[in-house]
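Enquirer: Protein chains in written order, with the numbering used here: chain A, 1 to 170; chain B, 1001 to 1205.
Hints were generated in silico from the structure; no laboratory data involved.
Any given hint might turn out to be false.
[Said to hold, decoys possible] Covered stretches of chain B (in silico footprint by chain A; criterion: 3 or more residues with CB under 8 Å from a CB of chain A, positions within the stretch not fixed):
#: 1; segment: 1062 to 1073
#: 2; segment: 1136 to 1149
#: 3; segment: 1165 to 1176
#: 4; segment: 1183 to 1190
[Stated by the list, open to error] Taking lysine-lysine and the DSS-like style, the derived pairs with C-alpha atoms no more than 27 Å apart in a straight line are:
#: 5; chain 1: B; residue 1: Lys1150; chain 2: A; residue 2: Lys86
#: 6; chain 1: B; residue 1: Lys1164; chain 2: B; residue 2: Lys1150
#: 7; chain 1: B; residue 1: Lys1151; chain 2: B; residue 2: Lys1080
#: 8; chain 1: B; residue 1: Lys1151; chain 2: A; residue 2: Lys111
Quick caveat, the model's predicted, so the values are computed rather than measured.
Note that CB positions come from ideal geometry on N, CA and C, so glycine has one too.
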Amino acid sequence: MIRYEYGEAIESARFLGREFLVWLWWLSASDEPRIGDVEVCLHSALTLERGGGSEAERTAMRGADPSSSREAKDALRDGKLPKSAKLHLTRNEAQWSFVLHADTMLITGLKIPALLVDKDDDGFSERDQLTAQVEEIVDDAFARFIDLRTSERWDAAAASIRAWVRGGVA
Amino acid sequence: MSVFSGSQTYTRFFTDPAPKTDGFLAAIRLRRFRDLVPSDEDRSRIGWVDIRHPLETDLGAANVFEGEHLLLGFRVDAWKVTADLLKARLKSAEAARLEATGQTRLSKTQRDDVRVMVVRHLREQMIPMMTVVGVDWNLNTGVIRFHSSKKPDAFVELFEATFKGLSLVQAGALSIVERRSSRDDAMELAGLEPTPFHYQPAGAA
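Could you build the full structure based on these sequences and the hints that come with them?
Expert: Rendered as structure tokens:
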């Protein structure tokens, strides 16, 4: 793999992580909050930001469902984008929860489904598989977002998202 | 350590898959952790340790490889002396030196000597602060989880010094797309403009 030597390219594309979280948020608020066979829910922690560095204006919310709060929508209408959000992903009976940090795709506080291990097994293998599954889910979701984002369908999707931000349904 | 239990916080990196691990153990042993001693000039030291037993620096196949994974502890030890403590001890030591020499003022060289002596004495009374981060490398997929959210610069440096020829790319928008598609597709993203969601730009639907 070739290492990126031009950090500018990486920096200039950082906003895509935040747009990805907007898209996930919009999806989660819709009648079909799913990506493929994965149900998506934003839950309990959300931070929105406009600008960067010491000049950044930030709105941070915690609670049962901050993403559906008026404060969250006001922040979006004010031009702030989600910098991090706590996500709950469910596939069949398995559920993962974690905070996704948009700018770096950093995952913090990941909780995986309960392990089925023998008492003599430290569960590393199963734990690794369940962690790899959620990485695959996130990467797949991001790939679907990028596919939409770089297609002719994006303008229509962005218009729907704007309508939702203004106060319409997703 | 979040590699084995509890909730996980980690930074993801990608590198080329490395199904052949010839030479890896020798390279790891070359950069295994070595204790800080008070006489060291270094304020901190980094190196590899057993991921399950951070005080263990004898690294072999049994405690490094697990299936398709290479597991290591990234250990950093550092002398941590508070500024207030150092300042107070320096003041005391300089006063003692002035009294012993009958001088009214110490030269820069003398002050530097006093500082070296004070720092060494403090280190002899302390245990270095230790932090260990779990590193989980899937050799088949090339995915590395560095179980920390702190800046990974020192880890990247040690990794690339240990496993020469392999470089790390931190997971992000471009690297995820490149990994799934191609570098050309990833680089196209850099040309995109942000989409405003709080107002309708001219010409938009």
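Enquirer: The structure should be examined with respect to each hint, and the outcome stated for every one.
Expert: Here is how each hint holds up against the structure:
1. 1062 to 1073: Answer holds; 3 residues pass the 8 Å Cβ test.
2. 1136 to 1149: That given contact holds, which follows from 7 residues of the segment 1136 to 1149 of chain B lying within Cβ reach (below 8 Å) of chain A.
3. 1165 to 1176: holds (count 10)
4. 1183 to 1190: holds (count 5)
5. Lys1150/B - Lys86/A: holds (19 Å)
6. Lys1164/B - Lys1150/B: It holds: about 24 Å lies between the C-alpha atoms, which stays within 27 Å.
7. Lys1151/B - Lys1080/B: Cα-Cα ~19 Å, so holds.
8. Lys1151/B - Lys111/A: Holds - the C-alpha atoms of lysine 111/A and lysine 1151/B are around 22 Å apart, at most 27 Å.
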